[in-house]
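**Student:** Protein chains in written order, with full-length UniProt numbering: chain X, 1 to 396; chain D, 1 to 769.
By construction, these hints were calculated from the structure, which means they are not laboratory data.
Keep in mind it's a predicted model, so treat the numbers as computed, not measured.
Just so you know, not all the hints are guaranteed correct.
Simulated pairs of lysine-lysine, DSS-like, Cα-Cα distance not exceeding 27 Å [what the hints assert, rightly or not]: (1) Lys580/D x Lys191/X; (2) Lys93/X x Lys157/D; (3) Lys275/X x Lys486/D; (4) Lys468/D x Lys457/D; (5) Lys195/X x Lys213/D; (6) Lys213/D x Lys157/D.
Between beta-carbon pairs, the in silico distance windows are [said to hold, decoys possible]: (7) Ser609/D x Asp83/X: 37 to 45 Å; (8) Asp266/X x Val764/D: 40 to 48 Å; (9) Arg385/X x Glu680/D: 36 to 44 Å; (10) Leu704/D x Ile229/X: 24 to 32 Å; (11) Leu68/X x Gln576/D: 36 to 44 Å; (12) Glu680/D x Asp83/X: 37 to 45 Å; (13) Val764/D x Asp83/X: 54 to 62 Å; (14) Arg385/X x Leu704/D: 28 to 36 Å; (15) Val274/X x Glu680/D: 31 to 39 Å; (16) Ser184/X x Glu680/D: 39 to 47 Å; (17) Arg385/X x Asn405/D: 56 to 64 Å; (18) Gln536/D x Asp266/X: 32 to 40 Å.
The beta carbon of each residue, even a glycine, is placed where N, CA and C say it ideally should be.
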Amino acid sequence: MTEEELIPTSSSLLSFSLFPCCRPLSVSLSRSPSLSPPLFLSPPLSFPQIHIIDFDDENNIISKSVLLHQAGEIWHISASPADKAVLSTCYNKTSESRVVTCGAVWRMPPEWESGSHESPDDPHNSHNPQNLELLCHLDNSAHGNASSVLWEPMGDGTRVISLADNHALLWDLTESSTQATISSSATLEGKGQLKFTSGKWGPHHNCTQLATANDTAIRGWDLRTMSQIYCIENAHGQLVRDLDFNPNKQYYLASCGDDCKVKFWDVRNINEPVKSLEEHSHWVWSVRYNHSHDQLVLTGSSDSRVILSNMVSISSEPFGHLVDDDDLSDGEDNHQYDKSKEPLQDSIISTYEEHEDSVYAVEWSSADPWLFASLSYDGRLVINRVPRALKYHILL
Amino acid sequence: MTVRSFSCRFARKRRVHGMLKLYYGLNEEGKTVDQAESMDPCDINGPHFDPEVYLNKLRRECSLGELMDQETCMVKQIRSLDSDMQTLVYENYNKFISATDTIRKMKNDFKKMEDEMDCLSTNMASITDFSARISGTLQDQHAQITKLSGVHTLLRKLQFLFELPARLNKCLELQAYAQAVSSHRRARCVLQQYSHMPSFRGIQDDCHAIMDKLAQELRQKFRDGGSSAKDLSECVELLLQLDEPAEELCDKFLSHAQSRLEADLLGLEAETDILEFIDRGCNEFVSSLCLVIASYQELFVNRPQEGELASKNIPQMAIGKLHAFVDALATRYFSLVERRIQEEKSVGDNSLLVRALDRFHRRLQAVAKLLPGSAVPSQGTEIVVRAARERIKQYLAALQSFYLNSLTDVRQALAAPRLATGKDAPASLPELLSTLSASILNQIKSVLASVHLFTAKDITFSNKPYFKGEFCSHGVRESLVVNFIKFVCQSSRQFCESAGDRGGSTPPALLLLLSRLCLDYETSTITYILTLTDEQFLVQHHSPVTAVTALCGEAREAAQKLLNHYVKVQGLIISQMLRKSVETRDWVNTIEPRNVRAVMKRVVEDTTSIDVQVGLLYEEGVRKAHSSDSSKRTFSVYSSSRQQTRYAPSYTPSAPMDTNLLSNIHKLFSERVEIFSPVEFNKVSVLTGIIKISLKTFLECVRLRTFGRYGLQQIQVDCHYLQMYLWRFVSDENLVHFLLDEIVGSTAHRCLDPAPMEQSVIEVICERG
Chain X
1 MTEEELIPTS SSLLSFSLFP CCRPLSVSLS RSPSLSPPLF LSPPLSFPQI
51 HIIDFDDENN IISKSVLLHQ AGEIWHISAS PADKAVLSTC YNKTSESRVV
101 TCGAVWRMPP EWESGSHESP DDPHNSHNPQ NLELLCHLDN SAHGNASSVL
151 WEPMGDGTRV ISLADNHALL WDLTESSTQA TISSSATLEG KGQLKFTSGK
201 WGPHHNCTQL ATANDTAIRG WDLRTMSQIY CIENAHGQLV RDLDFNPNKQ
251 YYLASCGDDC KVKFWDVRNI NEPVKSLEEH SHWVWSVRYN HSHDQLVLTG
301 SSDSRVILSN MVSISSEPFG HLVDDDDLSD GEDNHQYDKS KEPLQDSIIS
351 TYEEHEDSVY AVEWSSADPW LFASLSYDGR LVINRVPRAL KYHILL
Chain D
1 MTVRSFSCRF ARKRRVHGML KLYYGLNEEG KTVDQAESMD PCDINGPHFD
51 PEVYLNKLRR ECSLGELMDQ ETCMVKQIRS LDSDMQTLVY ENYNKFISAT
101 DTIRKMKNDF KKMEDEMDCL STNMASITDF SARISGTLQD QHAQITKLSG
151 VHTLLRKLQF LFELPARLNK CLELQAYAQA VSSHRRARCV LQQYSHMPSF
201 RGIQDDCHAI MDKLAQELRQ KFRDGGSSAK DLSECVELLL QLDEPAEELC
251 DKFLSHAQSR LEADLLGLEA ETDILEFIDR GCNEFVSSLC LVIASYQELF
301 VNRPQEGELA SKNIPQMAIG KLHAFVDALA TRYFSLVERR IQEEKSVGDN
351 SLLVRALDRF HRRLQAVAKL LPGSAVPSQG TEIVVRAARE RIKQYLAALQ
401 SFYLNSLTDV RQALAAPRLA TGKDAPASLP ELLSTLSASI LNQIKSVLAS
451 VHLFTAKDIT FSNKPYFKGE FCSHGVRESL VVNFIKFVCQ SSRQFCESAG
501 DRGGSTPPAL LLLLSRLCLD YETSTITYIL TLTDEQFLVQ HHSPVTAVTA
551 LCGEAREAAQ KLLNHYVKVQ GLIISQMLRK SVETRDWVNT IEPRNVRAVM
601 KRVVEDTTSI DVQVGLLYEE GVRKAHSSDS SKRTFSVYSS SRQQTRYAPS
651 YTPSAPMDTN LLSNIHKLFS ERVEIFSPVE FNKVSVLTGI IKISLKTFLE
701 CVRLRTFGRY GLQQIQVDCH YLQMYLWRFV SDENLVHFLL DEIVGSTAHR
751 CLDPAPMEQS VIEVICERG
């Protein structure tokens with residue numbers, strides 16, 4: 001039985017429907033460059049599953065495998081940077097009419113690794129979904145509901161941070177990831193019920209920084225001392241939904257929130273954002289820097305749109321390229337060439353409107369920097385490519 | 001008479017005629033035209049008349065009778081001619097006789113006269129003789145008398161010289177310096193000439209001593225300066241006559257004048273009132289300056305040049321000095337004036353300042369007349385221009401602060417009655433708007449009137465090119481009016497930006513009011529103000545000016561932004577309520593719904609009050625025609641959601657396909673909902689925007705929660721309640737249906753035990769609430 005419909009639309013590379021009510025989307029690293037990375041998707045409440053979608057770029061083939069996540073509805077997935085079979089989830093556990101959100105580390109069954117290239121029509125795979133193998137719980141009842149679990153970027157998969165209510169917990173995993181111990185923790189204190197809504201482990205400074213969002217504030221933490229470094233109060237007019245570190249510029253941070261804005265911060269000067277975009281017409285749920293070309297910024301919003309922006313002015317790449325004058329003999333050519341090489345303005349490259357419902361997650365491919373996926377509430381996953389013209393403009 | 005004798009006589013007569021003609025200078029040429037005719041020998045009056053030919057012709061041509069007639073006629077003519085001639089001869093004869101008599105008489109008279117003349121000449125000869133004799137005798141005495149009178153004159157001169165020192169002394173005592181100098185001047189040359197003689201030398205020395213003393217005294221007087229300008233000028237004149245060096249005198253004179261003028265300037269600094277300041281400046285400083293210039297020019301420049309003074313070219317040197325002097329003093333005066341004008345900050349009454357400036361400018365014209373090449377008047381004009389510019393800036397600032405103050409007033413008015421009575425506040429919104437716009441307009445008008453004083457006809461500087469052109473177009477129109485309108489738009493827009501971060505520090509009512517204000521500006525006020533300005537100032541646009549349309553565009557943009565922001569803020573307030581209500585509740589363990597939650601009632605109440613508020617300022621707007629029975633519509637809406645929820649229990653991996661398909665098909669036929677989209681300037685559009693934002697928030701919050709069975713039912717009840725009341729506010733009720741449908745649908749998806757409530761029960765609960 002097929003679960004995904006391949007509906008190639010005019011502008012998008014691929015889009016197909018999965019379950020409704022999808023939320024998390026995560027991309028793990030892939031070892032083979034020809035293949036785009038596996039995508040992890042989480043379907044709905046009653047029958048939580050993890051869909052691993054493999055997209056063969058050259059043949060335009062999608063293959064999918066489904067793993068059951070018996071423990072409960074998944075709210076957050078992230079893959080281990082070291083072992084592609086290991087992933088962590090935050091899930092709702094319903095017990096005695098109480099809903100608790102927990103965090104756990106899982107291992108995918110070994111069959112998946114070997115048998116990931118089955119054709120999508122293979123009924124066997126769908127009918128007998130396999131269970132994830134639990135490695136350990138990241139649980140501490142004293143620390144409340146986990147909202148997200150973050151792996152150390154580029155780490156060896158032994159350090160994990162979980163954000164639970166108003167606590168940030170740094171866990172040390174054993175090599176086999178079967179045991180987790182809290183090595184340190186930080187607590188957010190203040191008036192009212194403070195709760196971390198999201199967080200990001202910074203890849204710079206030897207991975208010693210963590211950025212978190214709670215309500216309208218963005219906070220930076222030093223993981224060595226577990227103390228707050230900076231706090232951007234009222235970073236957004238309303239709730240901050242997501243954060244992302246610029247992978248190439250160490251002090252730059254992007255944030256998005258319910259005020260429909262995407263803001264770019266230099267954390268050395270937190271009084272004002274470096275740049276602020278207001279293109280969406282509803283809450284912006286997700287913001288992602290491209291891993292290699294950080295001028296490309298992807299945002300997904302509950303106005304059902306995905307917007308790809310080109311933030312040249314604050315990227316790590318210089319404007320245009322230095323033109324070697326010796327190569328240009330003809331004056332006319334020279335002129336034309338110069339013109340085409342004028343620095344690009346910050347601009348929206350394109351707006352993708354394939355989704356019919358709120359887009360909750362967008363993610364760049366970690367293998368192919370020109371590929372990205374977006375997932376909306378109605379279960380539609382859309383894989384898109386950066387427009388060719390822009391790609392060549394950036395590359396050449 | 002025979003023909004021959006006739007012709008002979010005729011020829012003679014003709015000869016006489018010719019001689020007469022010759023005598024009177026009438027030659028034949030005058031009759032050249034006749035000559036051709038009179039060449040005819042038959043013409044009896046012609047000069048070439050030939051009787052023979054004529055007779056032959058007559059004899060040949062005429063009958064006898066005719067000949068007889070001709071003859072009679074001819075005889076008659078001859079007779080008349082003869083008688084004429086006779087009268088002529090008689091007349092002339094008489095005249096000739098009388099002329100002969102006269103000549104004879106004259107001859108006798110002349111003879112008598114000749115005798116008398118002879119007698120006269122002899123008498124004259126004797127007179128001459130006598131006279132020669134007399135003068136010969138008197139010659140000696142005459143010479144003596146001449147000599148004596150010469151000596152007398154000399155003696156008198158000598159006496160004058162000898163008396164001179166005494167006289168000078170006396171003059172000195174009497175302080176009649178002018179007389180002393182003129183006396184000395186008369187004697188000076190003589191004394192100089194005869195200085196080799198000891199006695200004269202003595203006199204000269206005495207005189208010198210006295211004159212030195214006098215000069216000393218004059219100088220003293222000059223230096224003392226207590227004397228009036230007239231005295232002073234007299235002094236200078238005398239000194240000049242005493243050969244004092246002119247340059248030194250100029251310097252002294254000027255330094256003297258300077259000290260007095262500086263005293264005036266010092267006195268000025270104490271003055272407080274601007275008009276008095278300028279008055280005093282004009283009356284004391286400028287008029288004394290004019291006096292100084294006038295007397296100086298009279299003394300040094302315009303005096304007739306004589307003797308060796310002419311060679312020194314005093315006027316040129318003097319003028320140069322004067323210019324330097326006037327410039328230096330004027331600069332100080334101007335700096336004082338400018339400082340004083342800058343202190344004039346109160347914008348209440350412009351007429352004082354304008355009058356002061358006018359007086360200032362007018363008085364400087366006197367200097368211009370006195371000293372044509374001077375830069376002083378143009379500098380003065382520049383000061384006036386600068387003052388006018390400064391004034392415009394001040395007025396702009398005053399307008400801006402007035403605007404901000406009135407905004408603060410409005411803010412307070414919005415805040416205060418709400419606390420006091422609660423009911424009056426919304427009612428006063430249109431009043432507030434009208435008072436605000438009227439007071440701003442009045443303020444602009446009064447400012448324009450004040451500024452208009454600068455260009456009044458009776459003001460001397462109003463006809464300067466600056467005040468005719470640049471002041472009107474660039475100064476008043478651009479810097480003042482246009483800038484103010486821009487400021488209004490800009491400050492309004494700032495409300496949107498600053499409030500965005502702090503989350504509604506501006507009261508929403510103010511946003512609404514400002515938005516309406518800007519819209520009014522766009523539609524009428526800007527055009528009115530600019531037309532008013534153009535009319536009042538007769539602006540001729542030499543340089544490009546801001547077009548009315550550009551300003552209107554700006555105002556409209558501001559109005560749009562404000563209204564959008566209003567929608568956002570109000571939407572946010574309701575959203576916050578909804579969000580809190582969803583987030584704080586434990587939806588899994590809630591009890592069976594018996595009531596509509598209070599929050600929903602609050603939402604409807606708030607929406608109604610917003611509706612009233614917006615309705616006060618904006619028109620109704622168009623809404624799509626809705627079905628006659630809107631509450632019935634709910635059945636169909638919920639039937640679809642019920643369908644979805646019916647699928648929910650059989651939620652197997654294969655099931656989502658169906659539900660998904662269903663919701664997707666549903667969405668295919670409904671338009672994409674723009675949540676934060678620009679609104680139109682009418683009530684319905686504003687309310688639609690606010691409700692969209694609120695419901696979308698509700699939807700997103702619901703999707704983040706997990707529900708129990710009763711949780712779902714509570715949401716159903718709440719949504720039905722909203723459905724009952726919200727449709728009337730929006731332009732397209734399907735929008736509300738769609739969003740509420742989505743909310744219930746999403747809740748069903750997020751429900752652990754999706755068992756929906758019966759529609760009838762829901763209705764009962766809602767109607768009871």
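**Student:** Take the hints in turn and mark each one as holding or not.
**Tutor:** Against the structure, the hints:
1. Lys580/D x Lys191/X: holds, 16 Å
2. Lys93/X x Lys157/D: Violated, at about 145 Å.
3. Lys275/X x Lys486/D: At roughly 26 Å apart (the allowed maximum being 27 Å), lysine 486/D and lysine 275/X satisfy the hint.
4. Lys468/D x Lys457/D: holds, 11 Å
5. Lys195/X x Lys213/D: Violated: lysine 195/X and lysine 213/D sit about 107 Å apart, past 27 Å.
6. Lys213/D x Lys157/D: holds, 24 Å
7. Ser609/D x Asp83/X: 37 to 45 Å: violated, 59 Å
8. Asp266/X x Val764/D: 40 to 48 Å: violated, 59 Å
9. Arg385/X x Glu680/D: 36 to 44 Å: holds, 38 Å
10. Leu704/D x Ile229/X: 24 to 32 Å: Given a distance of about 29 Å, which is inside 24 to 32 Å, the answer is holds.
11. Leu68/X x Gln576/D: 36 to 44 Å: holds, 39 Å
12. Glu680/D x Asp83/X: 37 to 45 Å: Roughly 57 Å apart at Cβ, these two residues miss the hinted range, so it is violated.
13. Val764/D x Asp83/X: 54 to 62 Å: At 58 Å between Cβs, range holds.
14. Arg385/X x Leu704/D: 28 to 36 Å: holds, 31 Å
15. Val274/X x Glu680/D: 31 to 39 Å: Holds, at about 34 Å.
16. Ser184/X x Glu680/D: 39 to 47 Å: Since the Cβ atoms of serine 184/X and glutamate 680/D sit about 56 Å apart, the hinted range of 39 to 47 Å is violated.
17. Arg385/X x Asn405/D: 56 to 64 Å: holds, 58 Å
18. Gln536/D x Asp266/X: 32 to 40 Å: violated, 52 Å
Figure legend: structure checked against the earlier numbered hints; hints not met, in rising order: 2, 5, 7, 8, 12, 16, 18.
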